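Novice: The primary structure of each chain is shown beneath.
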Amino acid sequence: MGYLPDNKNESRETNSEKEINQETLELEAAETKHDVEQDYERGHQIVEHLAKQAINLSQVRDLELEDTKTEIRKSESIIKEITSDTENKIDQESQEPSLEHLPNYLADSEEAKLVEMIPASAKVQERFNEKISPDMKEAIATVAGKVFNNCKYPYALIGSNCYVPHTEYSEKIPDDLDVIFGIKDKDEVYAELMKMQAEGSVKELSMTELHKFGKEKNGCFKIHCFIKTSTGYKEMEAFAQHMQDEVVNEGKNTNGVINLGVDQQAVEVVDVGGVKVNIGNEKMAEELYLKNTINEFALYDLNGWENRGILNAKALQRIFNIINLDSQKFEDSIELMIENIGKIKPQTEQAKIAQESIKHLWEKFKSLPKTKDEGLVNHLMETNNIKLNDGMDNHEKKIISTEKAVDIITAETKADMTQMSDNYDVLHGNCAAVLNNPKSSPEEINKAIDKIGTEVKSLRQIDLKYKNYLNQVNSADKNDFCVYAAMPQLINNFILPIVTRLMKQRRDLKQKIK
Amino acid sequence: MNLNNDQPNNVAMEAASGATVGQNPTPPISKDEHEQDKKDLTRAEFVEEYMQSSGADKTEAEEMADEIYGKA
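Line order of the protein sequences matches chains A and B. Its first residue numbered 0, the first sequence is counted upward by one per residue in numbering that gives the first Met the number 0. Its first residue numbered 0, the second sequence is counted upward by one per residue in numbering that gives the first Met the number 0.
Just to be clear, a hint being listed does not mean it is correct.
Stated by the list, open to error - Sample of chain A residues with no beta-carbon within 12 Å of chain B, all distances over it, derived: (1) 330; (2) 452; (3) 496; (4) 500.
Said to hold, decoys possible - Going by beta-carbon spacing under 7 Å, a handful of chain B positions derived as facing chain A: (5) 26; (6) 27; (7) 28; (8) 33; (9) 34; (10) 45; (11) 67; (12) 71.
Because the hints were derived from the structure by calculation, they are not lab data. Because the structure is a prediction, the values reported are computed rather than measured. Don't be surprised by glycine CBs; every beta carbon is placed ideally from N, CA and C.
Let's have the full structure, built from the sequences with the hints guiding it.
Specialist: Structure (structure tokens):
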């Protein structure tokens, strides 16, 4: 710069010199203006470049910060896990396993040797105290104290009463009671429950042998009843299953999700109002839900519904329950869960189908857009007007939101699948009757066409609802997978085939009227 | 929670040696039946019937047909 004339020098110059210099000055001014413009442009470019660099740097830093935060969260989770495991071990090892609550227990039997009995850790005991409702605890204490603690062979509470104490964040309140026990204790257990029914502390007692594929009996007996509490009744299902003797010595099949006393297992003993009760340990809970998931997703097979049987909306809850157990890392454990399905023994064809099916859904999910939107879990929370308690950190909020969203979508998909299936059965029967009757009147035919119209409009609304849900999925939020997983199957296995069939019937009805 | 399978026709039972799935809806039309329906009803017929009965416009009916028959 420095092109501007010196005012003091200028004032000393003559008029003629001024005239001569006027041109020079104009030239100089033009040059100066040009230089200034160039400098301005260069400066502008430099500032723009620096601004861009600053933005990039900030974005990189944000990403780095996010990565660091993720790493810290992972490390925290690992530290937490190690600390918790160590505390549990110290806690459990400091207590002697006691069999005092099992007066008839055959501790030397092959079955008992396979089932390790561990006192529940302080953490599990505390959660059991806090999270299981008072009336459920009363029912558990009653039935364990009077019936199952008198068993000769291992027994354990499984299902939600076993899951809830093994997870940090869950607002689930178990509403029924599931027990597994040895087949050799069946008669005594049933006799004791009959006695309780006669006394009025049990009602609607029944026992049925389960069937494999609805035909062949499988040797597992289900005892069903309601246990009286001071506020009402709690439903119980108890399964008498084969043990070591039946499976190994007699060559019978394993006939439960978890057959106690066949493979190495561990149960934890919790104190329920002074009564000691066996519940499955965390590993047992995980195995239970993995096997349930196999069962349910084997039906969601890749090729559609070749194995159509029972499509369980609860499949989503199993996935959530697995990844929410203490030793898991919630949404970061989905891939591990899929991997673990492949490790469940025995590895059956169904297990392979289930693994492929979930893997396929997971890949499909990951290919969906990563948006800045809130995701489907949050969308379901908002549209159902569910508010979470203040004071939860983001991790807890995410888990509880997912748990609630899974419950919502489970209930919704189950209701929709049931409605579609039931309506179709009635409508299809009605249309077939009109079509097959050579004497059907035009009025009857038109009425059938109208009914199809009503049902198709309803199916369209259901279809649009789920497509809207699919549009809400944000694949950047991996927890959205828990609610996403049911929808492709619901559309492909229910909506599309039913709509196609009804359209075919509509065409046939129209042709009949001509 | 139903843990043991006493439902008829549940092939998944073998997978978990007796796990249960409770009272759940069954898809009413099998894969083979659906494939046959697709052969019996042309794509064009489907689009026409769907538009007439559901209230959907042509674009939506075509999208539905894409899902059933594959992209045209």
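Novice: Look at each hint and say if it fits the structure.
Specialist: Hints versus structure:
For residue 330 of chain A, the requirement that its beta carbon stay farther than 12 Å from each beta carbon of chain B is met, with the minimum near 23 Å. Residue 452 of chain A, annotated as away from the interface, has a beta carbon of chain B within 12 Å; the closest lies near 4 Å. With a least CB separation of 4 Å from chain B, residue 496 of chain A falls inside the 12 Å interface cut-off, contrary to its annotation. Its beta-carbon lying about 5 Å from the closest one in chain B, residue 500 of chain A breaks the requirement of being farther than 12 Å from that chain.
Given the 7 Å rule on beta carbons, the hint for residue 26 of chain B holds: about 4 Å separates it from the nearest Cβ of chain A. Interface restraint check: residue 27 of chain B against chain A, minimum CB-CB distance 5 Å, threshold 7 Å, status holds. With its C-beta approaching chain A no nearer than about 4 Å, residue 28 of chain B sits inside the 7 Å limit, and its interface hint holds. Restraint check, residue 33 of chain B versus chain A: the minimum CB separation of about 4 Å is within 7 Å; hint holds.
Evaluation of the residue 34 of chain B hint against chain A yields a violated restraint, the C-beta minimum of about 9 Å exceeding 7 Å. Interface hint at residue 45 of chain B: satisfied, since its Cβ lies 5 Å from the closest Cβ of chain A, which is below the 7 Å cut-off. For residue 67 of chain B, the suggested interface contact is upheld, since its CB lies about 5 Å from the closest CB of chain A, less than 7 Å. The interface hint given for residue 71 of chain B is violated, since its Cβ lies 16 Å from the closest Cβ of chain A, which is over the 7 Å cut-off.
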